[in-house]
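Peer 1: If you want the building blocks of each chain, they are given just below.
Protein chains: 4
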Amino acid sequence: MARTVNEEKRLERRKRILEEAVVLFAENGYSNTTTALIAKKIGVTSGTIFQYFPSKEALFHATVLEPLEDIQKKSLASLQQNGTPAELIKNMVEEQFNHIYSYSNELRLVQSVLGQRIRFPELTQKVLDSIKIMTDTIEAVYAKGQSMGEFSPGFSPAMISRSYISFLNGVALTLGEDIVHHPEWENLKGHAYYLFAPSQHRAK
Amino acid sequence: MARTVNEEKRLERRKRILEEAVVLFAENGYSNTTTALIAKKIGVTSGTIFQYFPSKEALFHATVLEPLEDIQKKSLASLQQNGTPAELIKNMVEEQFNHIYSYSNELRLVQSVLGQRIRFPELTQKVLDSIKIMTDTIEAVYAKGQSMGEFSPGFSPAMISRSYISFLNGVALTLGEDIVHHPEWENLKGHAYYLFAPSQHRAK
Amino acid sequence: MARTVNEEKRLERRKRILEEAVVLFAENGYSNTTTALIAKKIGVTSGTIFQYFPSKEALFHATVLEPLEDIQKKSLASLQQNGTPAELIKNMVEEQFNHIYSYSNELRLVQSVLGQRIRFPELTQKVLDSIKIMTDTIEAVYAKGQSMGEFSPGFSPAMISRSYISFLNGVALTLGEDIVHHPEWENLKGHAYYLFAPSQHRAK
Amino acid sequence: MARTVNEEKRLERRKRILEEAVVLFAENGYSNTTTALIAKKIGVTSGTIFQYFPSKEALFHATVLEPLEDIQKKSLASLQQNGTPAELIKNMVEEQFNHIYSYSNELRLVQSVLGQRIRFPELTQKVLDSIKIMTDTIEAVYAKGQSMGEFSPGFSPAMISRSYISFLNGVALTLGEDIVHHPEWENLKGHAYYLFAPSQHRAK
DNA sequence: CATGAATGAGCTTTCATTCAT
DNA sequence: GATGAATGAAAGCTCATTCAT
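Protein chains in written order, with the UniProt record's numbering: chain X, 1 to 204; chain P, 1 to 204; chain A, 1 to 204; chain G, 1 to 204.
Don't read these hints as lab results, they were simulated from the structure.
Be careful, since some hints might not be right.
The list makes no distinction among identical chains, and a pair is therefore deemed to hold if it is satisfied within one copy or across any two copies.
Simulated crosslink set (DSS-like; lysine-lysine; CA at most 27 Å straight-line) [unchecked claim]:
| id | residue 1 | residue 2 |
| --- | --- | --- |
| 1 | K189 | K74 |
| 2 | K9 | K40 |
| 3 | K56 | K40 |
| 4 | K132 | K189 |
| 5 | K9 | K56 |
| 6 | K41 | K15 |
| 7 | K144 | K15 |
| 8 | K56 | K189 |
| 9 | K189 | K90 |
| 10 | K144 | K90 |
| 11 | K144 | K189 |
| 12 | K9 | K144 |
| 13 | K132 | K40 |
| 14 | K73 | K41 |
| 15 | K73 | K132 |
| 16 | K15 | K56 |
Whole structure, please, built from the sequences with the hints as guidance.
Peer 2: Given below as structure tokens:
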């Protein structure tokens with residue numbers, strides 16, 4: 001029981017470290033973020049980090065993968081609700097673009113990994129795997145939607161799903177944080193859905 | 001005259017360093033690429049790098065900005081030829097996606113800068129400036145095309161041009177190098193153009 | 001409490017570094033003394049130095065200024081005791097020349113700074129300021145002594161005090177460490193006081 | 001004959017290098033003066049220096065010793081003219097203090113060597129030898145003057161001559177370049193002579 | 001458990017020196 | 001004889017990691 005309390009405390013602190021690390025790694029990059037800085041930001045000393053993570057690299061892995069898993073779960077969940085494929089995809093786009101701001105650090109981390117594939121080969125693989133799961137799922141839903149006439153028939157579902165993921169990442173990367181408050185923002189979200197070439201789509 | 005020969009030699013070697021640096025920075029990231037490694041790869045010793053670039057950071061700046069300038073020039077040039085706006089944009093997309101493979105390292109570098117805005121504030125600004133020039137130019141051409149009925153009238157040119165750039169970057173980042181040999185590749189290029197919502201476009 | 005113990009330990013070690021640095025800088029000069037050598041001499045590794053001083057230059061500053069402050073304090077103190085001006089000055093000379101051996105490294109450091117004014121402009125200024133305080137104080141005491149008839153009236157106090165400081169420095173610089181054990185040494189001290197042209201002075 | 005012309009040219013250039021090196025070494029210190037900088041200042045390239053001096057250290061030796069020899073020669077010469085010992089010493093002091101400004105760089109060099117005895121043991125020895133020759137010569141002249149009643153009898157000639165040299169060095173080191181234009185300057189020179197305790201000396 | 005001083009490998013950068021031209 | 005590009009050893013400094021307290 002006392003055990004459990006301690007366990008909770010540990011988890012709590014682990015989470016704090018992770019949160020702070022996400023921010024710092026995303027803003028400054030992996031190498032430019034020192035473990036001492038992370039420690040300082042959460043008000044502990046440098047040694048403490050290593051009580052929760054065996055190494056800086058392990059911390060980075062967790063920093064990248066754990067949020068990615070979250071995002072993935074939510075995305076997949078939004079595709080497994082009730083509704084037609086077109087509705088599901090529209091919801092997913094809506095949800096992802098609504099959260100792109102609160103997830104921007106996490107997305108940037110993912111992208112920074114992809115930009116250092118040789119440095120982090122294992123991590124890169126996991127990220128690509130995770131992306132593949134998402135694209136595959138989207139692909140399946142999309143194909144179904146096509147067969148139901150909800151999407152234009154001419155496009156390859158594999159290409160469409162990959163295009164969308166590329167677009168999502170490109171937007172998160174290229175755009176500053178302020179874009180979400182920009183009047184264009186709604187149009188951009190709409191255009192993300194337009195990428196799927198919905199049948200009834202008329203230039204909005 | 002002898003002067004010219006030496007000058008040429010210097011430029012030649014400078015170019016060699018830059019080429020190698022692009023590859024290594026893109027693959028391993030800035031911090032994980034040592035100047036010694038770059039030197040070794042070109043078969044010189046560590047000190048030589050600093051005869052051509054005052055610091056590692058200056059080398060990185062050149063590595064990012066000089067190719068970006070090239071890409072920009074080519075892109076702008078392809079938009080200033082004869083032809084209707086739709087033709088020009090189609091050519092630009094064609095050209096950029098055809099070269100995305102040979103430029104993938106350069107594009108990854110640009111993205112890695114955007115992922116470390118705090119670390120490289122000045123460089124980030126220059127990159128954003130360069131991107132803005134491209135999006136502004138595309139925007140103008142697109143607007144003209146819209147007014148001529150070549151593109152669907154409902155989309156905001158500013159949004160469209162930014163979407164395209166995001167897409168281009170997202171593709172370069174997310175996709176592996178092998179994608180270009182994939183059968184899907186041609187479709188992806190087509191979809192990039194589809195983003196512009198050409199009027200007569202029917203799901204190809 | 002534990003806090004105090006640590007604080008003490010830190011100060012102790014800081015002092016050790018400083019002591020060793022004084023010797024090495026004085027013997028080998030600034031540039032020829034490596035931080036690694038200092039570390040080695042105290043039996044720690046290279047990084048440790050930088051836990052106590054932010055840079056080699058900062059260490060050098062401390063190495064020069066902290067002993068200088070000590071010397072200054074002692075000198076001024078010896079001029080603020082009870083006694084006639086002549087007695088005070090005689091005491092000061094006595095004290096300074098008695099300690100010139102134990103301070104010879106510190107004095108040499110001061111002189112090496114003055115010999116590199118361009119290299120260490122800020123430090124030079126501080127050293128000159130410190131010297132000025134000493135000469136000004138001596139000057140005032142001397143002037144009082146003159147008005148009391150203890151010193152020959154014909155000399156400018158400003159010149160006398162500066163002469164004495166120059167002499168003190170010159171002796172520390174030119175003379176080897178062995179001089180203090182030389183029979184001439186006592187005479188030299190006497191001559192330092194002779195510089196002040198005491199009235200009753202007859203070639204001792 | 002052509003040989004002689006070349007020889008002259010070589011000597012000329014060697015002299016130029018030496019002159020510039022004196023200034024730079026004196027202002028910035030040995031380690032902080034790069035051979036490249038010296039070369040640049042005289043308008044040649046880095047390699048050229050090594051055609052005239054086998055190493056930077058050899059150049060430094062020449063930079064210190066050659067002017068020292070000059071100064072020594074002049075000083076000795078001024079002590080070997082006609083006149084009583086007191087006149088000779090007065091002349092020497094006059095001459096040395098008059099030139100202290102134009103020789104300040106050379107003197108600073110000498111002092112910088114004494115501040116790095118371990119770094120330059122051989123050079124230090126030569127400097128000390130040279131100083132000894134001067135003090136010995138002064139000592140002999142002074143002793144003669146004492147026996148002739150020109151100087152107070154109570155002082156040890158060895159101590160007096162060393163005091164004077166110390167004073168000379170101390171003045172050159174401690175005082176800035178501007179002092180020579182200061183009204184106090186004449187007094188200072190007088191005081192240098194006062195150090196010798198001339199018999200008839202009354203506070204000037 | 002947390003601490004934080006010590007470690008030491010590793011990095012960028014400098015610069016005296018060499019040598020092909 | 002002058003050049004100046006290349007060299008490569010050496011320096012200052014950083015920082016992930018360890019471990020005695």
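Peer 1: Evaluate each hint against the coordinates.
Peer 2: Okay, the hints, checked on the actual structure:
Taking the shortest Cα distances, K189 and K74 sit within 27 Å of each other inside one copy (18 Å), while across copies they are farther apart (30 Å). With identical chains, the CA atoms of K9 and K40 are at most 27 Å apart both within one copy (19 Å) and between copies (23 Å). Taking the shortest Cα distances, K56 and K40 sit within 27 Å of each other both inside one copy (15 Å) and across copies (25 Å). Taking the shortest alpha-carbon separations for K132 and K189, both the intra-copy value of 22 Å and the inter-copy value of 20 Å come in at or below 27 Å.
In this homomeric assembly, K9 and K56 come within 27 Å of each other (Cα to Cα) only inside a single copy, at 21 Å, whereas the closest approach across copies is 30 Å. In the homo-oligomer, the alpha carbons of K41 and K15 lie at most 27 Å apart inside one protomer (13 Å), although the nearest pairing across protomers, at 31 Å, exceeds that limit. In this assembly of identical chains, K144 and K15 lie within 27 Å of each other by CA distance neither inside one copy nor across copies; the values are 39 Å within and 51 Å between. Taking the closest pair of Cα atoms, K56 and K189 never come within 27 Å of each other, the shortest separation being 36 Å inside a single copy and 40 Å across copies.
In this assembly of identical chains, K189 and K90 lie within 27 Å of each other by CA distance both inside one copy and across copies; the values are 10 Å within and 23 Å between. For the homomeric pair K144 and K90, the shortest alpha-carbon distance inside one copy (14 Å) is at most 27 Å, but the shortest distance between copies (30 Å) is not. In this assembly of identical chains, the alpha carbons of K144 and K189 lie at most 27 Å apart whether taken from the same copy (23 Å) or from different copies (24 Å). For the homomeric pair K9 and K144, neither the shortest alpha-carbon distance inside one copy (46 Å) nor that between copies (60 Å) is at most 27 Å.
Taking identical chains as interchangeable, the C-alpha atoms of K132 and K40 are never at most 27 Å apart, the minima being 37 Å within one chain and 36 Å between chains. Taking CA atoms no more than 27 Å apart as the test, K73 paired with K41 passes in neither setting, with 29 Å inside one copy and 42 Å between copies. Proximity of K73 to K132 under the C-alpha cut-off of 27 Å is restricted to the intra-copy arrangement: shortest distance 13 Å within a copy versus 35 Å between copies. Taking CA atoms no more than 27 Å apart as the test, K15 paired with K56 passes inside one copy only; the shortest distance there is 15 Å, against 34 Å between copies.
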